[in-house]
Amino acid sequence: MDVVSSVVFYILIFLTVYVQIFFLVTFLENRRKIFIRGNELKLAKYPSVTIMVPCWNEERTVYKTVRSLLELDYPKNKIQIFLIDDGSTDGTWCAIKKFSKYPNIKIFQKENGGKYTALNLGLVHVETDFVGCLDADSFADKYSLIRLMSYFEKDPSVMAVAPSIIACNSKNIIQNAQKAEYHMSVFMKKMLGFIEGIHVTPGPLTIFRKKVFDDLGPYRHAHNTEDMEIAYRMQKNHYKIEQCNDAFVYTNTPATAKKLYRQRLRWIYGFLNNTIDYKSILFRKKYGHFSTFTLPAALLSICALIYVVFRLAYDLSHFLYNKIIEIKTVGFHFFAKSISFDPFFINTESLGFVFIFIYAWVIVSIILGRKMAEGKWKFSPGIIYYLTVFAFIAPFWLIKAIYNTILKRKPAWR
Amino acid sequence: MNNNIDWKKYLIVFLITASLFLTASYLSNYFGGQKINQLKAIQDKIAIDILSSETQFSLLSELSCKNISDSVFSSELGELGNKLEWSQENLGATEEVSYLKKYYSLLQIKDYLLAKRISERCKTKSAFILYFYTTAENCSLCEEESLVLSALRTAYPELRVYSFDYSTDLSAVSSMLQIYKIKDTALPALVIDEDVLTGFHSLEDLETRIQESFKLQGTEKASAEEQSTQ
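Residue numbers (UniProt numbering), protein chains in the order written: chain Y, 1 to 414; chain X, 1 to 230.
If we strip away everything but chain X, and leave its shape as in the complex, we get (with noise of 0.2 angstroms):
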């Protein structure tokens, strides 16, 4: 019985073994890299759609509001946080995805802005939430009111929330965090017509609040058309 172990052969296979992993790991980053590139190109159409609408709002300020559709949101903004989020989860909080975040949160400012203008202007029937959450440590509340919100958010398509992470290092973020006076011990904390809630709010809470923040939006619109009729 030949007993002469070829340890030559142990350690090619060796070799390749490690070479297939960090093919692994060269694709893994290729394909990392590709959706980052995917990322970045979607928040450029979504500046570009945000500056076309601040302008086309600009345009359209002196004429009527009929002319001005649903259009003017971004509808990209939703996909993006969400493939935001992902690769936060599977890409690693790598230095692009925090990047990438930021540029996202200041995109979010904007889109309010815009879209708050509009409705104030307008009448339309909208309403914004502000959330406020933390990824730093674990907070299990907030996971459960992300919960809440996506469910609102199918349950009313005119409802805009935008999420905002505390431990983003943004001044426009920390301008939002002076301005509503939240603190990252009463997370997570919401925004609407700015009353400022903290802590876990349930899903009937925010729905009573929803529909009465369309009720005085109906209000408010009836009376302004009776008014442009006198």
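Isolated chain Y (complex conformation) (with noise of 0.2 angstroms):
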């Protein structure tokens, strides 16, 4: 059994660190690709854009979301927004029905029926080319909408666009954490758009094409990840999703362990069913990267997180059988043992460097996001928290997740 468990480990570990080198080749091919543009960037032409703002129970958020819209740096003529109240039981309705006076807003109320009702309500009166959506908890640079139509103008047969989502208001310790991995995420995505790989158009400000919902129907439930469902649905009809790195959409996350738990159980639920949804275009050829380094890629890092934690759990009970045992032999002493260091006693086992790389590799992503998210280089105590936090609660989620999966119990949206 441990022979197996080492093999299992072992495999488990080169493939994590494959996965790594994958994303540390992909930067070093494409880094001259990667920078922040200024102000000063124009369009040839400006497409009229529809934005959906789909809101439930979302009254205290939805009108920073809203300015933000209006204050785009972007034709005012341009842009039509749509509010879609999805059955709110707050003030949600009010807050937006002070909207209705603006010409470019359009206002819509209807029973709840979860986010990709809202959006389809949305889609049926979109007459614009392109549309979007902007989640009511996130707010858009004023920069975003002009740099994220520019990869439309650039490359006509792109048929999405992904913003970077950053992390605003980030108070304590958790929220610092996502706000680490946010940035690290950001590095991720673009390196995904490179190899055209990307799964998830996530609902803060990805701008489409018309033309994808025309040919490929509107939202599905998707296991209440509709957003991460639509790229499965495009990558399988081979539409181009690009990821624009200076486009940038802020976004509140969760302050409590809890609320963080729960989103993150919906998002891993959504992605393991969705995926077992489209199983039958996992390694295959012809869907590109995104069949074959993607999907495997995430797929991997669940099942090595787990791996780890079960051998820490197994670690971890056998050291405190050992001390129990120590305790029911000599008892409690709290001899002087000599506590001073040894290097001779640092663990010099080739698996300590991988880990090592394993790590530094993680630090570096998130230093490279933050560098192409703020443009500045620096280690924030977030990445700290990030692998401290996230060591602690992830596996909760990523086991719950899998376990829900088997016995096909849906997650709760909040």
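Note that these hints are calculated values from the structure, not bench results. We put the beta carbon where it would ideally sit given N, CA and C, even for glycine. One or more hints might be untrue.
Below 16 angstroms or equal to it, Euclidean Cα-Cα: the simulated EDC-like pairs (lysine to aspartate or glutamate) are [what the hints assert, rightly or not]:
no. : chain 1 : residue 1 : chain 2 : residue 2
1   : X       : Lys9      : Y       : Glu196
2   : X       : Lys8      : Y       : Glu29
3   : Y       : Lys210    : Y       : Glu153
4   : Y       : Lys323    : X       : Glu143
5   : Y       : Lys328    : X       : Asp195
6   : Y       : Lys236    : Y       : Glu196
7   : Y       : Lys106    : Y       : Asp73
8   : X       : Lys110    : X       : Glu76
9   : Y       : Lys64     : Y       : Asp155
10  : X       : Lys123    : X       : Glu212
11  : X       : Lys125    : X       : Glu158
12  : X       : Lys183    : X       : Asp195
13  : X       : Lys40     : X       : Glu79
14  : Y       : Lys328    : X       : Glu143
15  : X       : Lys40     : X       : Glu96
16  : X       : Lys110    : X       : Glu54
17  : Y       : Lys323    : X       : Glu144
18  : Y       : Lys285    : X       : Asp6
19  : X       : Lys40     : X       : Asp6
20  : Y       : Lys42     : Y       : Glu153
21  : X       : Lys181    : X       : Glu96
22  : X       : Lys83     : Y       : Asp342
23  : X       : Lys9      : Y       : Glu29
24  : Y       : Lys142    : Y       : Asp73
25  : Y       : Lys45     : Y       : Glu153
26  : Y       : Lys328    : X       : Glu204
27  : Y       : Lys240    : Y       : Glu196
28  : X       : Lys102    : X       : Asp169
29  : Y       : Lys286    : X       : Asp6
30  : X       : Lys45     : X       : Glu79
31  : Y       : Lys42     : Y       : Asp90
32  : Y       : Lys328    : X       : Asp205
33  : X       : Lys125    : X       : Glu212
34  : X       : Lys45     : X       : Glu76
35  : Y       : Lys110    : Y       : Asp137
36  : Y       : Lys33     : Y       : Asp155
Cβ-to-Cβ under 10 angstroms is the rule here; a few derived chain X residues that face chain Y [unchecked claim]:
no. : residue
37  : Ala18
38  : Ser28
39  : Phe31
40  : Gln38
Could you fit the two chains together into a complex? Lean on the hints.
Here you go:
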């Protein structure tokens, strides 16, 4: 059993390093294509865009969300905003009604049916060639839309462009940990963009050609991750998705471990179930890197993390068992043991060096992500929070998501 | 959409990953070798210490015991034992580690013989435990006994514990096993004041025995002093 366990462990570690090196090589190949553009960007043409804001009990944030859209650096007559109240039970409807006097804003109210139903209601009324969505807890940067639209102008084969999402209002350790994670995500998504392997077109301000929905149909429930499913569907149909690293959208992140757990449970459950739904495209050459790299790498990361957790739990229980035996045998003896440091006892096993590489690369990718998002080379304490907080909490939502997937239990939205 | 997968890139990434693992393995071997060299250096130092102590003992044998200090005992024997144990667990039971373990066993026997001679002649307060265990098979009682002995060693600094792995392929260790008639079916085994104890013995059991040993030595010392004054 020990041999099997060790072999599995080595294979998982090898594949994890493989994925990291893949990202590193992709970065080195494309590093000159990554930059943050200035405010002087102009387009040859400014196509009309509809941005849908589905709201469900977002009275506290929706005002700021809509204001951010009204302040976008894009011709006002080319932006149509749909505010869709998905049966909120708080003051959201009153909040969005205040915007009804704006000529480019349309408001809708419907019974609660889930985010995808709100988006589909909006899609029915869209008359522009481009359409996007902005979650009502997120805020668009002034230059985000023009930068996103520049990708469509540059390459007519691009069917959707996703922005860089940055955590805002991070006050506590949980939120700062997520901020570092979002920075890492900016880096990872850009790399996936380079290999055309993006697997999620996030709710906050991904812009699509309307043709995508005309050809492939509207949003689906998709296990409460409609923004992931539409990306899978697009990849399956060879529709190109790009990542615009200098189009920033700021989003509020869960402030407590419990809320974070619920959000991530939904995401991972959605990922697992969408991947099951689209399993026929796994490891198929004709679906590109999305099929041979993105999905396998994401599945691997889940397996590796769960395996490491079980192994750590086993090691911890072994340690505790030995401690119990020690206490039973010699009782509590606080003998003054020498605590002087001797470098001889530093573990120099080969896996130790591999783990140093793995963690170093995680830290470097967070720093690179921050550089891509904020233009700053800086190490933030959020990196330490991320490595510690997520190491403790992530296994719970991963295991629960797998458990729910096996038992077909759907997690709640919030 | 470009669906041409760049297989060359997958291959290059594989080669880089494999190189990274090979580098990690090389570094691990390099540092492992450094540790082995460190162990060898400690053993050489202990060997010189013991030889020096033996010589000192021979030189001073005709003089008063007052001239023999604790410094004759090699202080690094315990440290070496800990490092060897760690190396066996973390570097694996390599040939080099097994060789060093044999050497260590030999040094322990020499230290034991010397310490015993000094103790007998000078009536210094000391107690000796010879401890036989095995690593060849899963011996949970051995692990428990080791814990007891570690606790005892900390509580009684004058106590000298010498540990011998039953499976050590060394004639000197085999001789000790023969002398005390120790069999692998009766491990762990302890030798205290020439008494052979087999199986697990608790902290309290051994503490009583050691205290008795110290008491006896106290009486012997007093009577020796009495005789010398008469």
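Status of each hint after checking the structure:
no.: 1; hint: X/Lys9 / Y/Glu196; in the structure: holds, 15 angstroms
no.: 2; hint: X/Lys8 / Y/Glu29; in the structure: holds, 13 angstroms
no.: 3; hint: Y/Lys210 / Y/Glu153; in the structure: holds, 15 angstroms
no.: 4; hint: Y/Lys323 / X/Glu143; in the structure: holds, 12 angstroms
no.: 5; hint: Y/Lys328 / X/Asp195; in the structure: violated, 26 angstroms
no.: 6; hint: Y/Lys236 / Y/Glu196; in the structure: holds, 12 angstroms
no.: 7; hint: Y/Lys106 / Y/Asp73; in the structure: violated, 20 angstroms
no.: 8; hint: X/Lys110 / X/Glu76; in the structure: holds, 14 angstroms
no.: 9; hint: Y/Lys64 / Y/Asp155; in the structure: violated, 32 angstroms
no.: 10; hint: X/Lys123 / X/Glu212; in the structure: holds, 15 angstroms
no.: 11; hint: X/Lys125 / X/Glu158; in the structure: holds, 7 angstroms
no.: 12; hint: X/Lys183 / X/Asp195; in the structure: holds, 15 angstroms
no.: 13; hint: X/Lys40 / X/Glu79; in the structure: holds, 13 angstroms
no.: 14; hint: Y/Lys328 / X/Glu143; in the structure: holds, 13 angstroms
no.: 15; hint: X/Lys40 / X/Glu96; in the structure: holds, 10 angstroms
no.: 16; hint: X/Lys110 / X/Glu54; in the structure: holds, 9 angstroms
no.: 17; hint: Y/Lys323 / X/Glu144; in the structure: holds, 11 angstroms
no.: 18; hint: Y/Lys285 / X/Asp6; in the structure: holds, 10 angstroms
no.: 19; hint: X/Lys40 / X/Asp6; in the structure: violated, 51 angstroms
no.: 20; hint: Y/Lys42 / Y/Glu153; in the structure: holds, 11 angstroms
no.: 21; hint: X/Lys181 / X/Glu96; in the structure: violated, 29 angstroms
no.: 22; hint: X/Lys83 / Y/Asp342; in the structure: holds, 10 angstroms
no.: 23; hint: X/Lys9 / Y/Glu29; in the structure: holds, 11 angstroms
no.: 24; hint: Y/Lys142 / Y/Asp73; in the structure: holds, 5 angstroms
no.: 25; hint: Y/Lys45 / Y/Glu153; in the structure: holds, 8 angstroms
no.: 26; hint: Y/Lys328 / X/Glu204; in the structure: holds, 13 angstroms
no.: 27; hint: Y/Lys240 / Y/Glu196; in the structure: holds, 7 angstroms
no.: 28; hint: X/Lys102 / X/Asp169; in the structure: holds, 7 angstroms
no.: 29; hint: Y/Lys286 / X/Asp6; in the structure: holds, 12 angstroms
no.: 30; hint: X/Lys45 / X/Glu79; in the structure: holds, 12 angstroms
no.: 31; hint: Y/Lys42 / Y/Asp90; in the structure: violated, 41 angstroms
no.: 32; hint: Y/Lys328 / X/Asp205; in the structure: holds, 15 angstroms
no.: 33; hint: X/Lys125 / X/Glu212; in the structure: holds, 12 angstroms
no.: 34; hint: X/Lys45 / X/Glu76; in the structure: holds, 9 angstroms
no.: 35; hint: Y/Lys110 / Y/Asp137; in the structure: violated, 19 angstroms
no.: 36; hint: Y/Lys33 / Y/Asp155; in the structure: holds, 15 angstroms
no.: 37; hint: Ala18; in the structure: holds, 8 angstroms
no.: 38; hint: Ser28; in the structure: holds, 4 angstroms
no.: 39; hint: Phe31; in the structure: holds, 4 angstroms
no.: 40; hint: Gln38; in the structure: holds, 6 angstroms
Hint violations for this structure: numbers 5, 7, 9, 19, 21, 31, 35, all remaining hints satisfied.
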